[in-house]
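**Student:** Residue numbers (the numbering used here), protein chains in the order written: chain A, -6 to 255; chain B, -1 to 258.
These aren't lab readings, by the way, just hints derived from the structure by calculation.
A few of these clues could be false.
Partial pick of chain B residues on the chain A-facing surface, computed with a CB cut under 8 angstroms [what the hints assert, rightly or not]:
no. : residue
1   : Thr5
2   : Leu80
3   : Ile82
4   : Ser96
5   : Pro99
In this text, a Cβ means the ideal position worked out from N, Cα and C, and glycines have one as well.
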Amino acid sequence: MSGHMNLTLKVWRQKNAQTPGKFVTYKAENISPDMSFLEMLDVVNESLTHKKEDPIHFDHDCREGICGMCSLYINGRPHGPKRAITTCQLHMRSFSDGETITIEPWRSAAFPIVKDLATDRSAFDRIQQAGGYVSVNTGGVPDANSTPIPKVIADEAFNSATCIGCGACVAACKNASAMLFTSAKITQLGMLPQGQPERYSRVQAMVAQMDQEGFGNCTNTGACEAECPKEITLNNIAFMNNDFFSAKLFREQHAHDHTGGE
Amino acid sequence: MSEFKQTFNSSLGKKLLMALTGLFLCTFLIVHLGGNLLLFKHDQGFAFNSYANFLTHFPPIEVVAYLLYLAILVHSIYALVLTIKNRRARPVGYAVQSKSPQSWSSKNMGLLGAILLLFIVIHMGDFWFTYKYNNILGFKEYRTNQITGETTVTAFTPSNPDFERSYATENNVEIVRVKDLHARIQWSFSHLWYVAFYVIAMGAVSFHLLHGFQSAFKTLGWVHKKYNGIVYFIGTWLFAVIIPVGFALMPIVYYIQSLS
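Take these sequences, add in the hints, and give me the full structure.
**Tutor:** Structure representation (structure tokens):
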């Protein structure tokens, strides 16, 4: 078929977290340039299954760039060479015929490999569970207009909320830091009026959980914001830092504590 | 663990210490460059030697100097601790090197910092330690005629080995005798390899601060579109251009002068 591509894939294969992995080379033949990257892997897996070989494991779900499930470190970049998309939105026309593509899993101590290219990103869930919520007590339904939110704040909070928790920020960061993810969640809730009651306890709890998971430390290099499929900015990290230091240094809520701290 | 320890043991607490010590060291550079501009005065080191004597004998400066050494130590040790933690956060690296867009200086802060630490050790050993604790430096006597304003310079050998500085006025002639650090600088900067080392180290200062200055503000959380431009402007032009170029000119100018 004319216009179709033939590619060489160097894929990381690893049985489980305990077994050491290695690169295995596969041929991807007769690939349509209009396929997504994941569909190309589906084709390769189809032929592997026919040959009674173990198909390549990779994470995927919605395939429309919104669930945050797909990953893959493609030729040195999370989600491949294009800006602001996930791997499922990456088309094979972004590569050239005959190219060799190296596919690696997210590399982070906090994201252990489940199998091949699939990693366990539940560390993100635990950070979220540590404080990434707004407690809503029971009672009557408040009128929607009783909580005014400035348009700018609504937009900024929404921009932070677009984070899909895919982990590309961790994968891209030279320090494997999760500060872009954590800060996006903190900023989203910290900006809105509904998030205020838990604002300062939230930032402390989520940062503590992030540290406990074994992620690295931000050096403001900015690879995360360049690779984020949702274009979350470094400003979120500055917002988190501001709230964290504010909470730690100025907002101890013990005005009537007579012990004087210790 | 106390609240205080908990704060500074957290990832953000360590970064806060890096940012604060880093910015403190930045402010020191301004003062250091300002004072050292005296090296460009053509007075055979009169002003510079008097300034060096003042720095080592003025108590508030002594206090700030010890804060400075502490800041260098904290900045270096925390950099090491954070780097080790960052390495542990990615035990298995990537086969393909990162192609994500990111500045060279931000990726090489550790290397640049290591060059700077080496430079600081050598620089302080050669000038600060020699000046304060070593009796190998000579002395100069500056006689200024207070009517004509002319200054004559002669070498001076004190009878007391602990001599530092003396000031006297005789018949409208002001006599200042002071330890001659200037001669040591002239001697050091007459070696090409030494000059090259200084220029390379100043290159490291430039790239370290090109990223470091604005990064410190991000770490502190002081990011706002109202003043981001000013922070970037100061970080780039003052700390990555004017200051390192100003310092680098000193060994270069002295080397050129040593040739003639």
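**Student:** Each hint should be assessed against the structure and marked as holding or not.
**Tutor:** Okay, the hints, checked on the actual structure:
1. Interface restraint check: Thr5/B against chain A, minimum CB-CB distance 5 angstroms, threshold 8 angstroms, status holds.
2. Annotation: Leu80/B was flagged as interfacial toward chain A, and the flag holds, the nearest CB pair being 5 angstroms apart, inside 8 angstroms.
3. Here the hint on Ile82/B is broken, as its CB sits about 10 angstroms from the closest CB of chain A, past 8 angstroms.
4. Look at Ser96/B: its Cβ gets to within about 6 angstroms of chain A, closer than 8 angstroms, so that hint holds up.
5. Nearest Cβ of chain A to the Cβ of Pro99/B: about 5 angstroms, under the 8 angstroms cut. The hint holds.
Violated hints amount to a single one, hint 3; each of the other numbered hints is respected by the structure.
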